[in-house]
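Join the two chains into one complex using the hints; note that each chain is given alone, in its own frame.
Going down the list, the sequences are from chains A and W. Everything in the first sequence is counted per our numbering, starting at 1 for the first residue and increasing by one. Everything in the second sequence is counted per our numbering, starting at 308 for the first residue and increasing by one.
Some clues are possibly wrong.
As the list claims (entries may be wrong) - Quick list of in silico lysine-lysine cross-link-like pairs, DSBU-like style, CA-CA up to 35 Å:
1. Lys294/A with Lys424/W
2. Lys479/W with Lys466/W
3. Lys192/A with Lys322/W
4. Lys192/A with Lys466/W
5. Lys192/A with Lys294/A
6. Lys387/W with Lys466/W
7. Lys484/W with Lys424/W
8. Lys424/W with Lys192/A
9. Lys443/W with Lys115/A
10. Lys115/A with Lys192/A
11. Lys192/A with Lys443/W
12. Lys294/A with Lys87/A
13. Lys192/A with Lys479/W
14. Lys443/W with Lys424/W
15. Lys387/W with Lys192/A
16. Lys11/A with Lys294/A
17. Lys294/A with Lys443/W
18. Lys115/A with Lys322/W
Worth flagging that the hints you see were computed from the coordinates, not collected in a lab. Computed from a predicted model, the values in this text were never measured in an experiment.
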Amino acid sequence: MSGLETNEGRKKLALFGLLTPPTIFLGVFFLVPLGIMVVYSFLEPGLYGGVVWNFYDLNYGRILGWADSRYEQFDPVYLIVFLRSVKLALTTVILSLFICYPAAFWISRMSDARKSFFLFLITLPFFVSLVVRLFAWVLILRPTGFLNQGLMGAGIISEPLELMFTNTAVVIGMAYVFIPFMFLPLYASVEKLDMSLVEASADLGATRLQTFRRVILPMTLPGIIGGSIIVFIPSLGNFIVPSVLGGSRVLMIGNLIEQQFLSARNWPFGSALGMLVMAAVLVLLMVYVRIMTKEEEYANATKVKEG
Amino acid sequence: MNSILGIKDATKRYKTPDGGTITALNGVSLDVAQNEFVTLLGPSGCGKTTLLRSISGFEDLEGGSIEIDGAAVTHLPAHKRPVNTVFQRYALFPHLTIARNVAFSLEVAGTDKEDTKRRVGEMLELVGLAGYGDRKITQLSGGQQQRVALARSLVARPKILLLDEPLSALDKNLRQKMQQELKTLQEEVGIAFVFVTHDQEEALTMSDRIVVLSGGKIQQLGAPEDLYRRPENEFVAGFVGEGNLLDAKITSVDGTRATAVLNSGQRTGITHSGLAQNQAVKLLVRPEDVEVGAPSNADDLHFKGRVSQVFFVGTDYLVHVTTDSGAEFKATLRPSAHNRTSLASPGTEISLTVPQSALHVITEEKVV
Numbered sequence: 001m002s003g004l005e006t007n008e009g010r011k012k013l014a015l016f017g018l019l020t021p022p023t024i025f026l027g028v029f030f031l032v033p034l035g036i037m038v039v040y041s042f043l044e045p046g047l048y049g050g051v052v053w054n055f056y057d058l059n060y061g062r063i064l065g066w067a068d069s070r071y072e073q074f075d076p077v078y079l080i081v082f083l084r085s086v087k088l089a090l091t092t093v094i095l096s097l098f099i100c101y102p103a104a105f106w107i108s109r110m111s112d113a114r115k116s117f118f119l120f121l122i123t124l125p126f127f128v129s130l131v132v133r134l135f136a137w138v139l140i141l142r143p144t145g146f147l148n149q150g151l152m153g154a155g156i157i158s159e160p161l162e163l164m165f166t167n168t169a170v171v172i173g174m175a176y177v178f179i180p181f182m183f184l185p186l187y188a189s190v191e192k193l194d195m196s197l198v199e200a201s202a203d204l205g206a207t208r209l210q211t212f213r214r215v216i217l218p219m220t221l222p223g224i225i226g227g228s229i230i231v232f233i234p235s236l237g238n239f240i241v242p243s244v245l246g247g248s249r250v251l252m253i254g255n256l257i258e259q260q261f262l263s264a265r266n267w268p269f270g271s272a273l274g275m276l277v278m279a280a281v282l283v284l285l286m287v288y289v290r291i292m293t294k295e296e297e298y299a300n301a302t303k304v305k306e307g
Numbered sequence: 308m309n310s311i312l313g314i315k316d317a318t319k320r321y322k323t324p325d326g327g328t329i330t331a332l333n334g335v336s337l338d339v340a341q342n343e344f345v346t347l348l349g350p351s352g353c354g355k356t357t358l359l360r361s362i363s364g365f366e367d368l369e370g371g372s373i374e375i376d377g378a379a380v381t382h383l384p385a386h387k388r389p390v391n392t393v394f395q396r397y398a399l400f401p402h403l404t405i406a407r408n409v410a411f412s413l414e415v416a417g418t419d420k421e422d423t424k425r426r427v428g429e430m431l432e433l434v435g436l437a438g439y440g441d442r443k444i445t446q447l448s449g450g451q452q453q454r455v456a457l458a459r460s461l462v463a464r465p466k467i468l469l470l471d472e473p474l475s476a477l478d479k480n481l482r483q484k485m486q487q488e489l490k491t492l493q494e495e496v497g498i499a500f501v502f503v504t505h506d507q508e509e510a511l512t513m514s515d516r517i518v519v520l521s522g523g524k525i526q527q528l529g530a531p532e533d534l535y536r537r538p539e540n541e542f543v544a545g546f547v548g549e550g551n552l553l554d555a556k557i558t559s560v561d562g563t564r565a566t567a568v569l570n571s572g573q574r575t576g577i578t579h580s581g582l583a584q585n586q587a588v589k590l591l592v593r594p595e596d597v598e599v600g601a602p603s604n605a606d607d608l609h610f611k612g613r614v615s616q617v618f619f620v621g622t623d624y625l626v627h628v629t630t631d632s633g634a635e636f637k638a639t640l641r642p643s644a645h646n647r648t649s650l651a652s653p654g655t656e657i658s659l660t661v662p663q664s665a666l667h668v669i670t671e672e673k674v675v
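Extracted from the complex, chain W is given alone in its bound form (with noise of 0.2 Å):
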């Protein structure tokens, strides 16, 4: 696999105005493969905009080195780049017609008018807005203005194409559609996409793979199954996917099978490698594993609570458990396989199952 974009190190402070400085980028090192679609995902002030930025060429990195297709481009100003942005608010231009706007980074560039014209029209007919040229940016809605700021992107073929939340203006309904339309658009041009949203569930829906950042640091760089199944430490665990963290300490370790003990004094068995006796770790488990009933297997982790809050979130209800120990749970029921009428209310006793093999082990620390 051919990488595109290779950054090492990448390092960038920022002073505040009170004397202070941020750390934005903190040693972030990542490789892109040629046609791959890669989410930078992370709450706001994680990094990701800084390092997308980075890659276009607005931001200069104090430390580490950015290289496209092999060649640097770390101290190359924007416009050398070949990489194109699609903004967060389109920043379409607003006294160009359509065409104009498309046909901008061919015309600076000299390109002569018959091939222009002809690049242009297919960009357009790409983005389904074949015949829209000679109408004003003003005439379309967000859905048709978010195409023609892919359309502008993608007419100088660039090597990347660099995304910062292009679809946050959008409303729900149209954001699933225009993911979708993303995908494909990616998969048809067959260019590397750099994808920037702090939305996991966008994240999950359209990656290759997914970075997670946070405090300026790669807090797991996978596929999205990866991290939501195995996220490596507590940070990604709860950013990625609702979840449930258990306190557990490790009693007896046997090669990779390992005995923990959680608060409530239950025992339950665990396969992880490096695990040592007395250590402390978290255990992870999805809302959408737990089980209502009483548990069938004996490793398996029982909990008796009472529902304290129900959310019904369409196909299901996530239900917030008080346990008898005084802890919170998440669960997920579903309205097919039990008695929502009863369980999913309000002060209803409730008995959940955590079967062992949905347990995950976190052991490393949240790490910022």
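Next up, chain A with everything else stripped away, as it sits in the complex (with noise of 0.2 Å):
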């Protein structure tokens, strides 16, 4: 008999039906792109681009501190350049959970239609194109910008603020383009934290504060650690933001990698660098499913009870 006419056969059908496009997307899309990568990254770079076929670990050694002194010296610039970019992407993440997480309990807290309209102006930025609304930023930033006249117009400065192209501007641009992806995880969480929990906190005589800390911190960490993972990773890799807020004073990994491969025509270093971002994602995000795995171990032992 065959396995197709039992239900068992035809759910494992539709189950390979399902499966079969993504898989061949993702394989062809990504997995061999990001093969080609590690495989460059391990590979010389040819003299007028390109490569030679021939194993050389010295684009990490670069990178991370051995070099072949004859054609190049270590330098510490890509681990600086590396740290600042972390460092960035950090701010971004904090200013954006702060701009965020307010805003999440005022909207969770609103009746549902205006709860749908606000939320459609979290995501209105997406009808714009990116590069058009950092331009937008590049106009409210510069000396003569919006910004600095409202301010000296004010009286509450007398010299316009040195904005753009520094790491401030970098930190509004990304924040500016990356909080729908933190505002969104965000809210879910807040939205299912059960405000009877709440009251029942001040009810045993919790402070504010201690409620905060003691109940809504840790109801709402999943969406807390969820949104600012999102907003990080890419963060550490942008390269649109900082070549328009930062110009050439703000180098971020982002702009150094997408040099490597436009400008010097260096891939095998470009994609060492990319490993290097990556390696740095996938710590994370190992941190993450790990959170993750537990929250959801103990979702499903609620559920078994309610079941």
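Here it is as structure tokens:
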């Protein structure tokens, strides 16, 4: 008897049919390029671009501290750029968290109709091209921009603030771009928060601060972690925001990688830098998955009880 | 008797989305003694939950005052009041173990670790969950969660324990068991319990006194027997227990004795003070006081009719009878005393007697 005549068999066939297209798509357009990057990062850069098929570990050496002294010196600048990127990405995460956390509480307490309107507003920036939006920020932040003119007009400052092409501008820009990514996971977990738990905490004598620390924060932690990771990853490798708002003064690892591929035509070194970003992201994701698995075990336990 | 809770003239109104107002509390006054079990009973929207939340500090009264143990708490925030609440769905903290849930109020108050541990242990033992401290909330059944909620709200030795329909999520058998346990627990810990429910059976079983609320007003306040036997108005008579309300008119008054005439033309003597000639009253008859057969006393009321519906309610039958004058009448038939096969079936001709002593006079109209 053929397996396809049983329910079990039909389910398997359906699963196979559903999973095959994404598997092929990701295989061709994600795993293959990734494989090329991994391989290239261990190849010798050719003199006029391209690669020489020799095993070569100095791409990593240039970044991490060993170099072939005949051709080049170890230069800590790459590590510095990497660490600066980490710092800017973390600052972006913290800034967007501070903006989104209260907003999530505020919106989650609204009536359903207003809620959907505000959620729509949060996603509204996606309707306009990213580059256009970033140039709008240039208009705001430059020495003769709206912000400086406003502050000077109000008499708060006498000289324009140097905002363009600084870390501050880049962090503001990235926080602006990634706020929807922070907001949505945060909102999901804030919305789920059972207000009777907050009441119970107050009833048991906890002050507002104690309630926040002992109940609200731990209950919304999955959203905080989720949102932070989703913002941190694209911030770390971002090159559009620093190139528009940071210029040549704020170089992030993303700009460095872009330069290696497009200007320096040193694909192996660019790949090695890319691997560095990916390693950092993978470590983060592993931590995240571990936390979420625990969360899920807990959620499953709840479901079993309710069932 | 020392009063632990004193509510005077509590008033609270809510705005509705369409611009109107709902009066949730309309001049409610109530005193609760030190170790009393008081139940706030009423249909949904009667104000019982608002009253409870005003005591716990989650609602701010518009008018009136609340005192706990002699101290005014009317505008004190919830976390500063010496009362604790058992919430309807328990509101246990899912991210904490059972022991940490119970310890919560002690931890936020800064009680030292040894003392906290000892008191949590004692509390878990009291509610029959000794040794469960390290488990997660999700590993417990509904009844067990209920006990954790009780332990959590009793561990800080509140002056009053507030319970917001805590048994409504349990199935009937467990609910009855928990009713008895709650009563026992209240006697053991010796503090006042203020219990909110819409279930009149639950209220009658557990309470020392019951406050019947409707439309934000106290309809009646009294011991369970009083409420059942001597309801002061139509609402209480209808809400607490099953009953028949017969329209009657007073024809003559002689001191506390009066004669009333029913719509059907029957006359009966009743005892009630403050009645006036020609006053319209209602006579309450509980179904279990109705007897089958012709009256032996001339003053008893007699109804003839036909059984329209029969409900088997465990020990006996509740039958609905349509009398010859067209009124609906409820009577309880005990299978041991009557021939159930002939009487407890729809369509049967039946003759019912209401002894004069079973009549309770209600002079007040339905108060809302």
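We went through each hint and held it up to the structure:
no. : hint                   : in the structure
1   : Lys294/A with Lys424/W : holds (27 Å)
2   : Lys479/W with Lys466/W : holds (30 Å)
3   : Lys192/A with Lys322/W : holds (26 Å)
4   : Lys192/A with Lys466/W : holds (33 Å)
5   : Lys192/A with Lys294/A : holds (18 Å)
6   : Lys387/W with Lys466/W : holds (12 Å)
7   : Lys484/W with Lys424/W : holds (29 Å)
8   : Lys424/W with Lys192/A : holds (31 Å)
9   : Lys443/W with Lys115/A : holds (34 Å)
10  : Lys115/A with Lys192/A : holds (14 Å)
11  : Lys192/A with Lys443/W : holds (20 Å)
12  : Lys294/A with Lys87/A  : holds (28 Å)
13  : Lys192/A with Lys479/W : holds (30 Å)
14  : Lys443/W with Lys424/W : holds (17 Å)
15  : Lys387/W with Lys192/A : holds (27 Å)
16  : Lys11/A with Lys294/A  : holds (29 Å)
17  : Lys294/A with Lys443/W : holds (13 Å)
18  : Lys115/A with Lys322/W : holds (21 Å)
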